[in-house]
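**Student:** Using the sequences provided together with the hints, build the complete structure.
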Amino acid sequence: ETQPLTSKRGTSDCNKEEDCKENGLLIRNPRSALRLMEDGNKVHPGQGDKEEAAQISNGYSGVQSSGMGEVEDAQCTATVAMTTTTTTTSTTCGAEGQQQLMELEDRETWSKKIDFLLSVIGYAVDLGNVWRFPYICYQNGGGAFLIPYTVMAIFGGIPLFYMELALGQYHRNGCISIWRKICPIFKGIGFAICIIDLYVASYYNTIMAWVFYYLVSSFTTELPWTSCTNTWNTGNCTTYFSKDNISWALHSISPAEEFYTRQVLQVHRSNGLDDLGGISWQLTLCLLLIFIIVYFSIWKGVKTSGKVVWVTATFPYVILFILLVRGATLPGAWRGVLYYLKPEWQKLLATEVWVDAAAQIFFSLGPGFGVLLAYASYNKFHNNCYQDALVTSTVNCMTSFVSGFVIFTVLGYMAEMRNEDVSEVAKDMGPSLLFITYAEAIANMPASTFFAIIFFLMLLTLGLDSTFAGLEGVITGVLDEFPHIRSKRREFFVLGLIIICFLGSLATLTFGGAYVVKLFEEYATGPAVLTVVFLEAVAVAWFYGISQFCNDVKEMLGFTPGWYWRVCWVAISPIFLLFVTCSFLSNPPELRLFDYNYPYWTTVVGYCIGTSSIICIPLYMVYRLIITPGTLKERILKSITPETATEIPFGDIRMNAV
44 ETQPLTSKRG TSDCNKEEDC KENGLLIRNP RSALRLMEDG NKVHPGQGDK
94 EEAAQISNGY SGVQSSGMGE VEDAQCTATV AMTTTTTTTS TTCGAEGQQQ
144 LMELEDRETW SKKIDFLLSV IGYAVDLGNV WRFPYICYQN GGGAFLIPYT
194 VMAIFGGIPL FYMELALGQY HRNGCISIWR KICPIFKGIG FAICIIDLYV
244 ASYYNTIMAW VFYYLVSSFT TELPWTSCTN TWNTGNCTTY FSKDNISWAL
294 HSISPAEEFY TRQVLQVHRS NGLDDLGGIS WQLTLCLLLI FIIVYFSIWK
344 GVKTSGKVVW VTATFPYVIL FILLVRGATL PGAWRGVLYY LKPEWQKLLA
394 TEVWVDAAAQ IFFSLGPGFG VLLAYASYNK FHNNCYQDAL VTSTVNCMTS
444 FVSGFVIFTV LGYMAEMRNE DVSEVAKDMG PSLLFITYAE AIANMPASTF
494 FAIIFFLMLL TLGLDSTFAG LEGVITGVLD EFPHIRSKRR EFFVLGLIII
544 CFLGSLATLT FGGAYVVKLF EEYATGPAVL TVVFLEAVAV AWFYGISQFC
594 NDVKEMLGFT PGWYWRVCWV AISPIFLLFV TCSFLSNPPE LRLFDYNYPY
644 WTTVVGYCIG TSSIICIPLY MVYRLIITPG TLKERILKSI TPETATEIPF
694 GDIRMNAV
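Residue 63 in the working numbering sits at position 20 of the sequence shown, and the numbers go up by one each step.
Hints in this document: simulated from the structure, not taken from any laboratory. Treat the hints with care, since some could be wrong.
[Said to hold, decoys possible] Per label pair, the in silico range of CB-to-CB distance: (1) Gly320 <-> Thr277: 17 to 27 Å; (2) Thr193 <-> Gly547: 32 to 42 Å; (3) Leu391 <-> Met472: 16 to 26 Å; (4) Thr277 <-> Tyr360: 34 to 44 Å; (5) Arg533 <-> Asn462: 55 to 65 Å; (6) Thr603 <-> Gly320: 51 to 61 Å; (7) Gln389 <-> Val368: 26 to 36 Å.
Because the structure is a prediction, the values reported are computed rather than measured. Glycine included, each C-beta is placed from N, C-alpha and C at the ideal position.
**Tutor:** Below you can see the structure in the form of structure tokens.
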């Protein structure tokens, strides 16, 4: 039964939900009905507009007839279906539909487009761009590495980045509830993402605490890691830059390394993962201050965090430019640049080079953490997320490339001062490259205090907006899934989440906390995120349907993604993810930090930590099939069919896509 918009039939014609389902009658939400009546003249398309209006159905295929459009509304969700001769409206049936409509109308959006762009750039550009890319680049063939890096970005990283932005913007939901509108049986992906984000918050912010400690220590006339006369120094401490003629022995240690290991981390007071030792009160205080900054930056939502990123996302580029200019003027800088970019073409034949390129671009752009879904869900419906994906991913890749010059000009300077080869200077990797090698180089520059302050301030801002993003992914996912929490007080929920993250970080604040950070970094996030994004790509391209997804994009942007994007989403990107995951699992990294070799049992613990998040996916699949009524075939079909419509804006009407 159909009912024109101008009909005066009341809700008494369909008072029960059962009548709706059995007879196909249409219930009006009084609020929606009032809006439709007021805008009745706008809704009815003219003869010239009927054809265009009929196309706006978001995947809904109305059965056209000569006199009326037939609407099948199995779940009584609010649907507007426009056919060539009659406009048929089915508005919200029941409390669930009213709640969805209120959520959509109350959902906040970014104050400005630039807030969104800066937030995404700030999330993608993090500490890894500064320390991980330069090291992986020179380790895997220098300039030759840019070839596999670019290939993996074009066919793997950017398509996945674009897909998540489009999904979040269209469905306007976080990482958990969005699966009701895509493929409900994969809802466990959302819970897995939240657990992974919490793991990341438990160790990533500890690295930020190290940075904060260095920043505070830099406010002195003489940086504390320049000399060997401090209380934490040992007899092996030797400084390269001493005015005296000092010979470097086999057991010599630089003052920068001793400051990092013995004063900041205090790893000498721990025997390893089986004896972590006590908690460092200095790092605990630094971490507490970090979380206080994070809380007051995200407690009100994207309205506040969108303003904070104006500083945290732009300031690092100012500092990078200053450090690049300073590094280029140092003696021996050209040696570092040559070492950074000199191509070793034979390394392109090695499989591990391509694996490293794929892993680097994937973790640099950051799909799979729920952040892109969350940030894009606050966009306006017709925002050009295609352009955003290209701009932000390009900025991210270029930042990594330029950071390499910033690091290696300084390494070339150190090699010149030590009269050694650059390869001997650049042996450190990961955080040690920043906290030992680069810190030591800065300490021996003119105006060292100034450059140390701005360098560690840059690292702090790089990490802060990535922390904002990771926690916002969890917050948006949980609040969209449980909207009653949002209706009470978002601020209290965010405070509780911050407290949980702080308590979860206590193990990384111990004297052996650096060993825990390394374990989490290698096992808790890597393979788990790869698995999550692989299943996400499969669910969207193969279950939700690539045609349906492309139609969604067309409704937002006005054009359909080309064959290149379709092929990447359906085949190339999943193969790309499977390739990296299998390579990691077949050849797990042998962990070593400083002089500590991780025992075998830590590998088992690492895999258990990684599995603890992705186990949510099969568990939810089993749970979903159990609670769904019907035969096994019916249960599977219902579980892979979207159960909730996506409301899209159409003038003054909210339309449901089914």
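**Student:** All hints are to be evaluated individually against the structure, with a verdict given for each.
**Tutor:** Structure-based check of each hint:
About 18 Å separates the C-beta atoms of Gly320 and Thr277, a value consistent with the hinted range of 17 to 27 Å. The hint said 32 to 42 Å for the Cβ distance between Thr193 and Gly547, and at roughly 37 Å that hint holds. Separation of Leu391 from Met472 is about 21 Å and conforms to the stated range, judged on CB atoms against 16 to 26 Å. For Thr277 paired with Tyr360, a C-beta distance near 39 Å keeps the hint of 34 to 44 Å intact.
For Arg533 and Asn462, the Cβ-Cβ distance of about 58 Å falls inside the hinted range of 55 to 65 Å, so the restraint holds. For Thr603 and Gly320, the Cβ-Cβ distance of about 59 Å falls inside the hinted range of 51 to 61 Å, so the restraint holds. Taken as a hint, the range 26 to 36 Å holds for the pair Gln389 and Val368, whose Cβ atoms sit roughly 34 Å apart.
Every hint from the earlier list agrees with this structure, and none is contradicted.
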